[in-house]
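Engineer: So the protein lines, in turn, are chains A and B.
Counting from 55, one number per residue, gives the positions in the first sequence under my numbering.
Counting from 22, one number per residue, gives the positions in the second sequence under my numbering.
Hint data in this document are derived by calculation from the structure and do not stem from the laboratory.
The model shown is predicted, which means the values in this text are computed figures rather than measured ones.
Please note that the accuracy of each hint is not assured.
Said to hold, decoys possible - Here are the computed lysine to any residue pairs in the SDA-like style, where the Cα-Cα straight-line distance is at most 20 angstroms: (1) LYS97/A - VAL157/B; (2) LYS101/B - THR287/B; (3) LYS97/A - LEU158/B.
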Amino acid sequence: MSHKQIKESDFEAIHYDDSDAERIAGESTSFWKDAWRRFKQNKLAILGIIVIVLLGIMSLTGTLISGQNYSDNNLMNANQSPSWEHWFGTDNLGRDLFARTWYGARISLFIGLTAAFIDLIIGVIWGTVAGYVGGRVDEYMMRIADILSGVPYLLVVILLMVIMPQGLWTLIIAMTITGWIGMARIVRGEVLKLKSEEFILASKSLGANTMRIMTKHLVPNAIGAILVTLTLTIPNAIFTEAFLSFLGLGVPAPQASWGTMTSDALASLRYYPYQLFFPAFFICLTMLAFNVVGDGMRDALDPKDRR
Amino acid sequence: MLKYILKRLVYIVVSLFFIVTITFFLMQAAPGGPFTSERKVPPKIEEQLNEAYGLNEPLYIQYKDYLVNVAKWDFGPSFKQKGQSVNSIINRSFPYSLILGLEAIFLALSIGVFLGVFAALYHNKFGDYAAMIFAVLGISVPSFILATILQYIFAFKLQMLPVARFDSFAHSILPAIALATTPLAFIARLMRSSMLDVLNSDYIKTAKAKGLSGRVTIYRHGIRNAILPVISYIGPLVIAILTGSFIIERIFAIPGLGNEFVESITNRDYTVIMGTTVFFSVLLLVSILIVDIIYGLIDPRIKITGKKED
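Chain B on its own, in the form it takes in the complex (with noise of 0.2 angstroms):
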């Protein structure tokens, strides 16, 4: 166990400092320097400035400090915010993301893996085919529409719930409810679909014919194994949530880490766009390496060891 941990804890280097080596070079090649504006700057404040940002050594030099400075966890200074760094910028923004993202995970995991059960247990029913067509309608309406739609209905109109901002737990129903549709969607058929598989395996068959009522074969035997799918699919969920954000804390003017990412790509701001892809890449590289602990401790039939030792 430990030693897959370690040998999962190696790749996720390995994969970082292509990550962290890729984005480098990538903003390198991006056009326009971090100062260009419609202003002109006199070189001479221009070449202080270049100094003051180490921008003047050598491309290599620059590339090590960076590595280095990445590796202490700091990602400098952000060139259009004044007097900010990066790592204050992601600080402060951090936790509103991640209350938006937590909230928007357990409305997808709860009610998608209800709705799955739910359509399995009546399988080729009329709830079946309800939270089926529920489940496509989710997967073909993109999470920026289905956002503006709330807010339109909800805010506007109705004037139920706050349009923006992110102060109090009313403000984040709707673009939790708007980020967690289209993974809560895929869940639910997932769900549906293990569950399905479960439901018509013998030891199902088995914990009938021992007479055990209904309840306990659906929640003791059943879920409990078509669950496991799901929970491999807490990546990509993850995944979908964190991207997902970008937009949805744009449209509902949330300060989060999704939006400074996007407002850091429309103002060319390069350090803030490299510290938060690794930042992000990390978050991602983490979760879903616990998330594999997690499946390897739930999931009987799968050991995990670090090599083959069988």
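So that you can see chain A by itself, here it is in the shape it has in the complex (with noise of 0.2 angstroms):
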């Protein structure tokens, strides 16, 4: 064993700087690029944002691309096969299905997106006063929720239908009139969970008024719960408009949308199954589109429930 001996000269100061103690290393994250991270990792959510915009352009540009018109019927043309002319065929009345198929597109996701966002804005407010206000309000406010989700969503829908005439805004309506009471039930839990956080008192002591609380504080911090529910009932409120039209209960022709085009296809399913195929496909495609969406956004929004 043979030790080398060690010299004074072996060592060496380093010189310690302190200014740099206090510098941040990292980029700090918010909540929302903390959240997108975490989306960004789930492939499937990402395909399916993708899967929508596209839906979305070409149900505003798939009618004009093919060169048909969605409602022009040629009864010379009916029952065709999809061809190089008809890309998905002709149905019953010779209509091209490809332009049917983007204009109910168009139709199915305006009443989707449209019922969605009512539904959005009465269960914020009705779910914000009830769960900050309480008391009393409260009791009245979700009881008169619970009568109203006490009957079949679709069996109330299906009654105002019966008496109103049909159309788009009818639809709407009659979807929105009990939507919004799941809404109201999470934003209401919300707010009474975020009601007795400090900084609700912070700002209430700094003089802030009711209002100010509700809209600077309560639904901006309940809005990842908002988010997910948000896109949680567009794929529901799709599902309802198909179910309606294909009770017959949807637009009237020769509006079409991608319910009242399965329902159509039906008839002659035996015979041409590829009339069904197409709408069927669409509405399954967008449905699973923002179901995989609405997952991935509560995984990466609520940061307790990881997998």
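Now that you have both chains on their own, put them together as the hints suggest.
Structural biologist: Quick look at the structure:
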């Protein structure tokens, strides 16, 4: 064993610089950046967003691409299989199914998004007021919601559709009349959790009025839950529209939605299954995309529920 | 317990009162009378018809009569199906819907719970992903599309099962599957997340530490606790099956109550619409009450009491 003699010259002072101590190494992440980072890891959800964007673009431009009109009927061309001229074939009145599919996409998506948006507005206001004001007001407001939701949603919608003239806005009104309840309950739950937090107390002691606390503190902090509920209401609304149209309570002809197209195709399913395929496929694809995005958002926005 | 049930029954009666009132006035507001048809009915006959059905009375008397009759479980005559009362229509068609509904509920619960447990036990492994992809698909494919696809493949192409009607067990297979798939997928997801929660909890660790076998821990301690959210989902499940039956019964031409309801809507047969709506609501409210009671019995953490007495 040979030891090397340690001399003083082997040591060297490192110069410690105090000014660096406070520097933050990484970039600070906000809640949304963090959520986006988590969301990006979910490949399926990203795919879902791409699909939704594509469907949106096609619903706006799809009717122009093939150069066919969605409502022109030509009985000479009835029930043709997909061909170069009619990309998705034609229906029993000789209407071009490609144009109808994308026109239907427009109607279905419009109904789904509008209904979900109206649900969002009513639900958020209702839930925030009930949750924050509390007491008697809360009890009455939630009791009304309970009674409304005691009747099956679709039953109410169907009853309303019976007495109102058929049309786009009737569908939307019928769907939103009870559709907001789910959103209201979730927002109320969030508000109940938030309202005892210190930052609300701080804001109150600084003199903020109820309106300000609701719009500046409660709703922004509940936005995660609201967004997730919104993305999951959209497929529900699209499903309800298709369901009602399928029962013959949808938009009147010659307008088309995916629901009415499926319903029309059912009569000749045995001989022309392709007529069912396209609208059915796109309903499923749209619902799938929204569901996957909703799930992805829930995972990203709710840090408690990690998988 | 008794007090709780009584209180709930009062709520049910109140809800039903609102439902009957709302449907009554909605149907009054509906355009076109019950006897409007393409052929003009002579005024004399119309008058007699109105008298026979009590339609010439003032509205509040009609409303009062309807309330009293509903309380006596009498929904009046059908306007469109000659010589039939709404009660007889319900009695005739409900058994079909009941059988189909029970089959679907059984399918959804058993397979849904199984899939959920399976996915939780193989968490983040292939089995989990496969089960959850199946569940997302099940939620995204609407029941009526699944029904037509099943009908096309198994009845038209393969000719394995009957296309329509409802005479034997074989007839009920396709509609029950179509009806059950969406709630089944929901239950699978619900069961998976609650099972994952339970499997991470301390008492499961305790059970394992005591040296209990894997089977006993999973069945006695795991599933029994994890199944509670699924039980509270039975209410929405009944709603889903019920409203689903409107369309499924139509696609498979099953003479059930859902089909009858849809038919009455297209025919504008107002008494039948009202009667079935009230009937559906009773069915639903009662089944939700039963579920809540069962839930209280199963879950030891929940004490059902009439009021906050503690």
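Engineer: Now tell me if each hint is right for this structure.
Structural biologist: Checked hints:
no., hint, verdict
1, LYS97/A - VAL157/B, "holds, 15 angstroms"
2, LYS101/B - THR287/B, "holds, 11 angstroms"
3, LYS97/A - LEU158/B, "holds, 17 angstroms"
Violation of the numbered hints given earlier is absent; every hint is satisfied by the structure.
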